[in-house]
Amino acid sequence: MLGIKQIASYIPSGRISNLIPEQLAAFKTNEEFILAKIGVRQRALKAESEDTSLLAVKALETLFKNSILLPEDIQALVVVTQNPDTNLPHVSAIVHGQTGLPEQCAAFDVSLGCSGYVYGLSILRAFLNANGLNNGVLITADPYSKIVNPEDKNTAMLFGDAATATWIGADPLFTFGPFSFGTVGKMHHALECKNGKLSMNGREVFNFAATRIPRDIAILLDLASLQKEDIDAFIFHQGSRYILETIADRIGIPMDRIRTGMEDIGNTISSSIPLLLEKELPVTTTQKIILSGFGVGLSYCSCLCVREKLP
Amino acid sequence: MVSLEKLLEIVEATGIEVKEGGIDPKKTFRENGIDSLDAMTLFLNIEEAIGVKFTEEEVEQAKTINDIHSLLEKRL
Numbered sequence: 002m003l004g005i006k007q008i009a010s011y012i013p014s015g016r017i018s019n020l021i022p023e024q025l026a027a028f029k030t031n032e033e034f035i036l037a038k039i040g041v042r043q044r045a046l047k048a049e050s051e052d053t054s055l056l057a058v059k060a061l062e063t064l065f066k067n068s069i070l071l072p073e074d075i076q077a078l079v080v081v082t083q084n085p086d087t088n089l090p091h092v093s094a095i096v097h098g099q100t101g102l103p104e105q106c107a108a109f110d111v112s113l114g115c116s117g118y119v120y121g122l123s124i125l126r127a128f129l130n131a132n133g134l135n136n137g138v139l140i141t142a143d144p145y146s147k148i149v150n151p152e153d154k155n156t157a158m159l160f161g162d163a164a165t166a167t168w169i170g171a172d173p174l175f176t177f178g179p180f181s182f183g184t185v186g187k188m189h190h191a192l193e194c195k196n197g198k199l200s201m202n203g204r205e206v207f208n209f210a211a212t213r214i215p216r217d218i219a220i221l222l223d224l225a226s227l228q229k230e231d232i233d234a235f236i237f238h239q240g241s242r243y244i245l246e247t248i249a250d251r252i253g254i255p256m257d258r259i260r261t262g263m264e265d266i267g268n269t270i271s272s273s274i275p276l277l278l279e280k281e282l283p284v285t286t287t288q289k290i291i292l293s294g295f296g297v298g299l300s301y302c303s304c305l306c307v308r309e310k311l312p
Numbered sequence: 026m027v028s029l030e031k032l033l034e035i036v037e038a039t040g041i042e043v044k045e046g047g048i049d050p051k052k053t054f055r056e057n058g059i060d061s062l063d064a065m066t067l068f069l070n071i072e073e074a075i076g077v078k079f080t081e082e083e084v085e086q087a088k089t090i091n092d093i094h095s096l097l098e099k100r101l
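Chains as they are written, first to last, in this note's numbering: chain A, 2 to 312; chain B, 26 to 101.
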């Protein structure tokens, strides 16, 4: 069965602090609120010269470096992004061209935000299975620094830039499934980008996540015939510390089983889940993980990951 | 009709930390030690408990528990 063999990531070295006194004053907030509720001390920021495809290339090159995967082995490349270099071509084609992938490699983008990684796992494995292929790479690269308005207090202190690359192949560390999917399209205005600027209705997005995600986890556990106590780690999209605590409280799980990792990089959209999953791959006591992404659309998707072997 | 006492019960059940002495329905959320994110939880829990949906404008204008109570009185 095809599953997750390896994950690599690229986090730009640039950082912007969320604790600049002038900004805190302008946004009428304080350090305590930022750390306790937003949970982001500083945000990762790509260099001006690093476009989306370059972040993706750097993550993929790290995957090559850290694994036995070779460019010529890749039969399908999927890039999850909503902030491509340009409207066309697709980012996956640019990455394909810059990393020496074979001509027979399929390459396409998936337009999803924070639910994109979990959707991407399902899409890529289904594509590989449907076509008798064995090796694919799922990349996430969605640098919101391209669209965030630094004067918008609803979004300016949340998002960070990052990219990840996940190798899907045979004899994996983790298999995944079942999945549970959902879309609340009537709320699509709650998180949108118009004229190149991001806007977010914080209350609508909060209500969406606080009500839908606990229900989706219950559905998924039912599909998998498991109880919440059977799950070693929950990796939710890193929307904010407050939303993670709210979801944990509503599901009834202790925070020590919820992985967090946004304090020094921010909410990295579709990369937030694989960045945490990458850290979990070598943790041998972690046998069952639930992934759950939610955001733009408004869209959500959850799945179970089960360890098949140790690294 | 939702009594103020019932509303305060719902607020207490949310588990939001408030200033010592408990919540004062006449004081603003901020004066009660409730920040903007806790206020979102508060509104959501009231919506779920009572079966109403607050508009953005209503949320924007409601600054105290008494304000929420007045809103509910108009609705129910």
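Treat each hint with caution, since some may be false.
[What the hints assert, rightly or not] Residues from chain B that keep clear of chain A, each with C-beta distances beyond 10 Å, as calculated:
no.	residue
1	Thr53
2	Thr66
3	Leu69
4	Val84
5	His94
[As the list claims (entries may be wrong)] Restricting the straight-line Cα-Cα distance to at most 20 Å, the calculated cross-link-like pairs of lysine to aspartate or glutamate (EDC-like) are:
no.	chain 1	residue 1	chain 2	residue 2
6	A	Lys38	B	Glu82
7	A	Lys187	B	Glu45
8	A	Lys29	B	Glu72
9	A	Lys280	B	Glu34
10	A	Lys154	A	Glu193
11	B	Lys78	A	Glu205
12	A	Lys147	B	Glu56
13	B	Lys44	A	Glu33
14	A	Lys154	B	Asp60
15	A	Lys154	B	Glu81
16	A	Lys29	B	Glu45
17	A	Lys38	B	Asp60
[Claimed, not checked] Label-pair restraints from in silico Cβ distances:
no.	chain 1	residue 1	chain 2	residue 2	range
18	A	His190	B	Arg100	33 to 43 Å
19	B	Arg100	A	Pro179	19 to 29 Å
20	A	Ala27	B	Gly58	34 to 44 Å
21	A	Pro22	B	Gln86	39 to 49 Å
22	B	Gln86	A	Ser200	14 to 24 Å
23	A	Leu227	B	Gly46	24 to 34 Å
24	A	Phe182	B	Val84	28 to 38 Å
25	B	Gln86	A	Gln228	24 to 34 Å
26	A	Ile69	B	Val84	25 to 35 Å
27	A	Asn135	B	Gly58	40 to 50 Å
28	A	Glu49	B	Asp92	23 to 33 Å
29	A	Ser50	B	Thr53	42 to 52 Å
30	B	Glu56	A	Ala131	14 to 24 Å
In case anyone wonders, no lab produced these hints; they're calculated from the structure.
Note that the structure is a prediction, hence the values are computed from the model and not measured.
Even glycine gets a Cβ: it sits at the ideal position worked out from N, Cα and C.
Hints, verified against the model:
| no. | hint | verdict |
| --- | --- | --- |
| 1 | Thr53 | holds, 14 Å |
| 2 | Thr66 | violated, 6 Å |
| 3 | Leu69 | violated, 5 Å |
| 4 | Val84 | violated, 6 Å |
| 5 | His94 | holds, 20 Å |
| 6 | A:Lys38 x B:Glu82 | violated, 24 Å |
| 7 | A:Lys187 x B:Glu45 | violated, 41 Å |
| 8 | A:Lys29 x B:Glu72 | violated, 27 Å |
| 9 | A:Lys280 x B:Glu34 | violated, 42 Å |
| 10 | A:Lys154 x A:Glu193 | holds, 15 Å |
| 11 | B:Lys78 x A:Glu205 | holds, 11 Å |
| 12 | A:Lys147 x B:Glu56 | violated, 37 Å |
| 13 | B:Lys44 x A:Glu33 | holds, 16 Å |
| 14 | A:Lys154 x B:Asp60 | holds, 15 Å |
| 15 | A:Lys154 x B:Glu81 | holds, 17 Å |
| 16 | A:Lys29 x B:Glu45 | violated, 24 Å |
| 17 | A:Lys38 x B:Asp60 | holds, 10 Å |
| 18 | A:His190 x B:Arg100: 33 to 43 Å | violated, 24 Å |
| 19 | B:Arg100 x A:Pro179: 19 to 29 Å | violated, 41 Å |
| 20 | A:Ala27 x B:Gly58: 34 to 44 Å | violated, 23 Å |
| 21 | A:Pro22 x B:Gln86: 39 to 49 Å | violated, 31 Å |
| 22 | B:Gln86 x A:Ser200: 14 to 24 Å | holds, 21 Å |
| 23 | A:Leu227 x B:Gly46: 24 to 34 Å | violated, 44 Å |
| 24 | A:Phe182 x B:Val84: 28 to 38 Å | holds, 29 Å |
| 25 | B:Gln86 x A:Gln228: 24 to 34 Å | violated, 43 Å |
| 26 | A:Ile69 x B:Val84: 25 to 35 Å | violated, 54 Å |
| 27 | A:Asn135 x B:Gly58: 40 to 50 Å | violated, 57 Å |
| 28 | A:Glu49 x B:Asp92: 23 to 33 Å | violated, 46 Å |
| 29 | A:Ser50 x B:Thr53: 42 to 52 Å | holds, 47 Å |
| 30 | B:Glu56 x A:Ala131: 14 to 24 Å | violated, 60 Å |
Hints 2, 3, 4, 6, 7, 8, 9, 12, 16, 18, 19, 20, 21, 23, 25, 26, 27, 28, 30, counting from the list given before, are not met by this structure.
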